[in-house]
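Chains as they are written, first to last, in our numbering: chain A, 6 to 203; chain B, 404 to 617.
I should point out that these hints are in silico values taken from the structure, not numbers from a laboratory.
Misleading hints may appear alongside valid ones.
[Said to hold, decoys possible] Straight line, CA to CA, 35 Å or less: simulated DSBU-like cross-link-like pairs of lysine-lysine: (1) A/K27 to B/K422; (2) A/K188 to B/K433; (3) B/K433 to A/K32; (4) A/K62 to A/K188; (5) B/K564 to A/K128; (6) B/K433 to B/K453; (7) B/K453 to A/K145; (8) B/K475 to B/K532; (9) A/K188 to B/K422.
[To be verified] Here are some of the chain B residues that sit facing chain A, going by a computed Cβ distance under 7 Å: (10) W436; (11) V603; (12) I604.
Glycine residues also receive a C-beta, built at the ideal position from the N, C-alpha and C atoms.
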Amino acid sequence: MSTSVSKTSSSTPGERARALFKVLNDKNLIPEGFVEGITDLMENTWDPANGARVVAKAWTDPAYRELLLRDGTAACEAFGYTGPQGEYIVALEDTPTVKNVIVCSLCSCTNWPVLGLPPEWYKSFEYRARLVREGRTVLKELGTDIPENVTIKVWDTSAETRYLVLPMRPQGTEHLTEEELQKLITKDVLIGVSLPVV
Amino acid sequence: MDGFHDLGGFQGFGPVDHKINSKSYKPVFKEDWEHLAYSLMFLGAGHLNKFNIDQVRHAVERIDVRQHVGTKYYERYIIATATLLTEAGVITQQELDEALGSHFKLANPNHSNGRPAIGNRPPFEVGDKVTVRDEYVSGHIRAPAYVRGKSGVILHRTTEKWPFPDAIGHADQTALHQPTYHVEFRVKDLWGDAADDGYVIVDLFESYLDKVEA
């Protein structure tokens, strides 16, 4: 007796993606270099190193910090870090009593030009379902213990605002240059699930 | 649309598969087809101009629930783009099936034509207490169900306006442009004690809100 396999499960995601590409390509609807151009933006141009430069600048330049918190779009545009999924930017300021964290519970919205494309875990059903409801628990499981006297604020990216977290500058970094500070600011720090560690 | 995609607060999921700063984010694409998802989405939206990104979100929401649960992230955007291009008449189901060599399952059809925004109201101000309108929408909407009927405080009104998702997500080019508001909700007002305390801030279009008069 054979096991029946549904027709939809007989193809892989990659086969379906290539089938869509083939249908469009056979109709000459894909311009030369179109896919390659967007792929280059996604792989190389949009990168969390961009957000690290923004945060390190804000840590070392009070006027820039003020601009970033007042008009995040202008502050990121000063570096050229705006574009698709990064056209209206708001920076979220961590304080001694507030820790900010970003999610998109409905899909995966992320500030692409500043943070890079979202990682797999950020798009997972687990993160999308749980962070809004049990932020402190999720952060602890990920490896970040937030003290009880610090309020956790979860920002659900449900419209056109795209966020980045401006974390507090850690103690003991007074001697570091802006370039050295950038290394402390990882993608996870910009999303808000991690604190910068010296 | 009260679909599976509206996951905020859904219980039963295990730990997030991640430990902070443990993963390299390079290469950005882990499999050799993943770059096609957004590339072909932008082809259909930006280059061919056959749909917009709100329609893409809604097409993902329309993926049949059992299929949705088992799909990978980028796979859903391939299905959504294929669905919208088929609905626009650019390609056909038969062409997709022939290219694949088996049935290419698309998203379910639209069950709604969308709805217009509410115009002619004064804007809300920072500090205003607002309630999310207690209404049920079968089409696309960018208000997660967990704030339906709940009250919060406005922290920010955007300085730009965008087309109302419930209209533009159904290709309604007359969609009114509105600001959105960052509305802060106390977690315990959303889920009582069956949650961690704290705040959730949701970015909500003006039409989703009513002012609570003091």
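Hint check results:
{"no.": "1", "hint": "A/K27 to B/K422", "verdict": "violated (38 Å)"}
{"no.": "2", "hint": "A/K188 to B/K433", "verdict": "holds (24 Å)"}
{"no.": "3", "hint": "B/K433 to A/K32", "verdict": "holds (28 Å)"}
{"no.": "4", "hint": "A/K62 to A/K188", "verdict": "holds (12 Å)"}
{"no.": "5", "hint": "B/K564 to A/K128", "verdict": "holds (26 Å)"}
{"no.": "6", "hint": "B/K433 to B/K453", "verdict": "holds (29 Å)"}
{"no.": "7", "hint": "B/K453 to A/K145", "verdict": "violated (44 Å)"}
{"no.": "8", "hint": "B/K475 to B/K532", "verdict": "violated (39 Å)"}
{"no.": "9", "hint": "A/K188 to B/K422", "verdict": "holds (18 Å)"}
{"no.": "10", "hint": "W436", "verdict": "holds (4 Å)"}
{"no.": "11", "hint": "V603", "verdict": "holds (5 Å)"}
{"no.": "12", "hint": "I604", "verdict": "holds (5 Å)"}
Checked against the numbered hints listed earlier, the structure breaks hints 1, 7 and 8; every other hint is satisfied.
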